[in-house]
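Novice: Could you build all of it, start to finish, from the sequences and the hints given here?
Residue numbers (mature numbering (1 follows the signal peptide of the UniProt record, and there is no 0)): -20 to -1, 1 to 130.
If you are wondering where the hints come from, they were derived from the structure by calculation, not from laboratory data. The beta carbon of each residue, even a glycine, is placed where N, CA and C say it ideally should be. Hints are supplied without guarantee of correctness; some may be wrong.
Stated by the list, open to error - With a cut-off of at most 20 Å between alpha-carbon atoms, the simulated EDC-like pairs for lysine to aspartate or glutamate come out as follows: (1) K112 x D44; (2) K83 x E71; (3) K59 x E97; (4) K117 x E39; (5) K84 x E71; (6) K117 x D44; (7) K75 x E85; (8) K59 x E110.
Claimed, not checked - Label pairs and their calculated CB-CB ranges: (9) N46 x V104: 21 to 31 Å; (10) E82 x Y102: 56 to 66 Å; (11) V33 x Y118: 51 to 61 Å; (12) P109 x R70: 58 to 68 Å; (13) E82 x S62: 39 to 49 Å; (14) R(-15) x Y31: 46 to 56 Å; (15) E110 x I37: 34 to 44 Å; (16) S(-6) x R114: 31 to 41 Å; (17) Y86 x E55: 52 to 62 Å; (18) L(-4) x R35: 34 to 44 Å; (19) E55 x Y118: 31 to 41 Å; (20) V116 x R(-15): 51 to 61 Å; (21) Y31 x S(-11): 46 to 56 Å; (22) R96 x E55: 21 to 31 Å.
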Amino acid sequence: MKLKLRAAFSITAMSILALAIVGWCNRTTSEPNATTLARTSDPDGDQGRTYNVTRPIRETHSMDVNYLVMRPVREQHSKTVSYTQMTLVREIRSKFDPETGEKKEYTVARHVPEQREKIVDYVVTNMVPEQKTRTVKYTTVRFETNKVSR
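Specialist: See below:
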(Lines of atoms letter the chains of each structure in order from A and count residues from 1; the text may use other names and numbers.)
(Lines give C-alpha, C1' and ligand atoms only; values in the text may rest on other atoms or scores of the structure.)
Protein backbone atom coordinates (compact mmCIF):
# COMPACT_ATOMS: atom_id res chain seq x y z
CA MET A 1 0.00 0.00 0.00
CA LYS A 2 2.80 2.39 0.92
CA LEU A 3 4.64 1.56 -2.27
CA LYS A 4 1.62 2.46 -4.40
CA LEU A 5 1.17 5.73 -2.48
CA ARG A 6 4.81 6.68 -2.99
CA ALA A 7 4.64 5.83 -6.70
CA ALA A 8 1.50 7.95 -7.15
CA PHE A 9 3.08 10.83 -5.27
CA SER A 10 6.29 10.73 -7.31
CA ILE A 11 4.37 10.53 -10.62
CA THR A 12 2.28 13.55 -9.59
CA ALA A 13 5.37 15.51 -8.56
CA MET A 14 7.18 14.68 -11.81
CA SER A 15 4.20 15.75 -13.92
CA ILE A 16 3.90 19.08 -12.05
CA LEU A 17 7.63 19.66 -12.51
CA ALA A 18 7.40 18.84 -16.24
CA LEU A 19 4.48 21.27 -16.70
CA ALA A 20 6.41 24.00 -14.89
CA ILE A 21 9.47 23.49 -17.12
CA VAL A 22 7.39 23.55 -20.31
CA GLY A 23 5.58 26.70 -19.17
CA TRP A 24 8.86 28.42 -18.33
CA CYS A 25 10.36 27.54 -21.70
CA ASN A 26 7.31 28.93 -23.54
CA ARG A 27 7.42 32.13 -21.52
CA THR A 28 11.11 32.80 -22.13
CA THR A 29 10.90 32.17 -25.85
CA SER A 30 7.65 34.04 -26.48
CA GLU A 31 8.30 37.25 -24.50
CA PRO A 32 10.90 39.63 -25.94
CA ASN A 33 13.41 41.28 -23.65
CA ALA A 34 13.33 45.06 -23.13
CA THR A 35 16.63 45.52 -24.94
CA THR A 36 15.88 43.26 -27.89
CA LEU A 37 15.51 44.72 -31.32
CA ALA A 38 12.01 45.62 -32.40
CA ARG A 39 11.23 45.70 -36.09
CA THR A 40 9.56 48.91 -37.28
CA SER A 41 8.20 49.95 -40.60
CA ASP A 42 9.82 52.69 -42.64
CA PRO A 43 7.67 55.53 -43.90
CA ASP A 44 9.08 54.73 -47.37
CA GLY A 45 7.45 51.32 -47.30
CA ASP A 46 10.68 49.32 -46.87
CA GLN A 47 10.02 46.88 -44.10
CA GLY A 48 12.74 45.20 -42.13
CA ARG A 49 15.61 47.52 -43.03
CA THR A 50 15.86 49.42 -39.73
CA TYR A 51 15.50 48.44 -36.11
CA ASN A 52 14.89 50.44 -32.96
CA VAL A 53 17.56 49.63 -30.41
CA THR A 54 16.82 50.53 -26.81
CA ARG A 55 19.86 50.61 -24.57
CA PRO A 56 20.05 51.43 -20.88
CA ILE A 57 22.48 54.25 -20.05
CA ARG A 58 23.63 54.55 -16.46
CA GLU A 59 24.46 58.02 -15.22
CA THR A 60 26.05 58.92 -11.92
CA HIS A 61 24.85 62.10 -10.26
CA SER A 62 25.77 63.84 -7.05
CA MET A 63 23.62 66.06 -4.90
CA ASP A 64 24.33 68.08 -1.76
CA VAL A 65 21.95 67.14 1.03
CA ASN A 66 21.46 69.40 4.04
CA TYR A 67 20.33 67.81 7.30
CA LEU A 68 20.13 68.66 10.98
CA VAL A 69 21.94 66.81 13.74
CA MET A 70 21.09 67.38 17.38
CA ARG A 71 24.38 67.77 19.23
CA PRO A 72 24.64 67.87 23.04
CA VAL A 73 26.23 71.01 24.48
CA ARG A 74 27.17 71.06 28.16
CA GLU A 75 26.90 74.31 30.07
CA GLN A 76 28.28 74.95 33.53
CA HIS A 77 25.83 76.74 35.86
CA SER A 78 25.95 77.76 39.50
CA LYS A 79 23.16 78.67 41.88
CA THR A 80 23.04 80.06 45.41
CA VAL A 81 20.88 77.96 47.70
CA SER A 82 19.63 79.18 51.08
CA TYR A 83 18.91 76.65 53.79
CA THR A 84 18.37 76.45 57.52
CA GLN A 85 20.64 74.34 59.66
CA MET A 86 20.06 73.50 63.28
CA THR A 87 23.19 74.25 65.31
CA LEU A 88 23.84 72.71 68.71
CA VAL A 89 24.64 75.34 71.36
CA ARG A 90 25.89 74.32 74.78
CA GLU A 91 25.50 76.66 77.75
CA ILE A 92 26.95 76.26 81.19
CA ARG A 93 24.41 77.26 83.81
CA SER A 94 24.59 77.35 87.53
CA LYS A 95 22.02 77.05 90.28
CA PHE A 96 22.04 76.91 94.01
CA ASP A 97 21.04 73.75 95.77
CA PRO A 98 18.37 74.74 98.31
CA GLU A 99 19.30 71.99 100.77
CA THR A 100 23.05 72.42 100.85
CA GLY A 101 23.29 75.98 99.58
CA GLU A 102 26.17 75.25 97.27
CA LYS A 103 26.44 76.37 93.68
CA LYS A 104 26.05 73.57 91.10
CA GLU A 105 27.03 73.98 87.45
CA TYR A 106 25.39 72.03 84.64
CA THR A 107 25.41 72.08 80.85
CA VAL A 108 22.32 72.73 78.75
CA ALA A 109 22.31 71.78 75.07
CA ARG A 110 19.76 73.29 72.72
CA HIS A 111 19.31 73.52 68.98
CA VAL A 112 19.28 76.96 67.40
CA PRO A 113 18.21 77.51 63.76
CA GLU A 114 20.91 79.15 61.66
CA GLN A 115 20.40 80.52 58.12
CA ARG A 116 23.17 79.57 55.68
CA GLU A 117 23.90 79.92 51.95
CA LYS A 118 25.75 77.56 49.69
CA ILE A 119 26.83 77.80 46.03
CA VAL A 120 25.88 74.70 44.05
CA ASP A 121 27.59 74.00 40.71
CA TYR A 122 25.78 71.84 38.16
CA VAL A 123 25.98 70.94 34.47
CA VAL A 124 23.09 71.37 32.02
CA THR A 125 23.11 69.45 28.74
CA ASN A 126 21.18 71.16 25.95
CA MET A 127 20.56 69.64 22.55
CA VAL A 128 21.54 72.17 19.90
CA PRO A 129 20.63 71.67 16.22
CA GLU A 130 23.63 71.71 13.92
CA GLN A 131 23.24 71.85 10.15
CA LYS A 132 25.49 69.59 8.12
CA THR A 133 25.94 69.03 4.41
CA ARG A 134 26.82 65.76 2.75
CA THR A 135 27.34 64.98 -0.91
CA VAL A 136 25.33 61.94 -1.96
CA LYS A 137 26.13 60.04 -5.15
CA TYR A 138 23.38 58.08 -6.86
CA THR A 139 22.92 56.27 -10.15
CA THR A 140 20.03 56.71 -12.56
CA VAL A 141 19.17 54.66 -15.60
CA ARG A 142 17.68 56.21 -18.70
CA PHE A 143 16.82 54.39 -21.88
CA GLU A 144 17.96 55.70 -25.23
CA THR A 145 16.36 54.49 -28.45
CA ASN A 146 18.32 54.64 -31.71
CA LYS A 147 17.44 53.49 -35.22
CA VAL A 148 19.96 51.05 -36.61
CA SER A 149 20.00 49.79 -40.17
CA ARG A 150 20.78 46.17 -40.97
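Novice: Measuring from beta carbon to beta carbon, are E82 and S62 in 39 to 49 Å?
Specialist: holds (47 Å)
Novice: Hint check: K112 vs D44, CA-CA at most 20 Å. Holds or violated?
Specialist: holds (10 Å)
Novice: Does E110 lie within 20 Å of K59 when you go C-alpha to C-alpha?
Specialist: Violated, at roughly 29 Å.
Novice: Run the distance test for K117 versus E39: straight-line Cα separation, threshold 20 Å.
Specialist: At roughly 10 Å apart (the allowed maximum being 20 Å), E39 and K117 satisfy the hint.
Novice: Looking only at beta-carbon atoms, does the pair S(-6), R114 fall within the given range of 31 to 41 Å?
Specialist: Roughly 57 Å apart at Cβ, these two residues miss the hinted range, so it is violated.
Novice: Has the given pair, K117 with D44, been kept, meaning a C-alpha gap of at most 20 Å?
Specialist: The given pair, whose Cα atoms are some 9 Å apart, holds under the 20 Å limit.
Novice: Check the following: the C-beta atoms of Y31 and S(-11) are separated by a distance inside 46 to 56 Å.
Specialist: Holds: the Cβ-Cβ distance is about 48 Å, inside 46 to 56 Å.
Novice: Starting from K83, check that the Cα of E71 is at most 20 Å away, please.
Specialist: The hint holds at about 16 Å.
Novice: Between L(-4) and R35, is the Cβ distance one that fits in 34 to 44 Å?
Specialist: holds (37 Å)
Novice: Take the C-beta atom of R(-15) and the C-beta atom of Y31, compute their distance, and say whether it sits inside 46 to 56 Å.
Specialist: This hint holds: roughly 54 Å between Cβ atoms.
Novice: Taking 56 to 66 Å as the hint, is the beta-carbon distance of E82 and Y102 inside that range?
Specialist: holds (59 Å)
Novice: Verify the proposed pairing of K59 with E97, using a straight-line Cα cut of 20 Å.
Specialist: Cα-Cα ~10 Å, so holds.
Against the hints set out earlier in the document, violations occur for numbers 8, 11 and 16.
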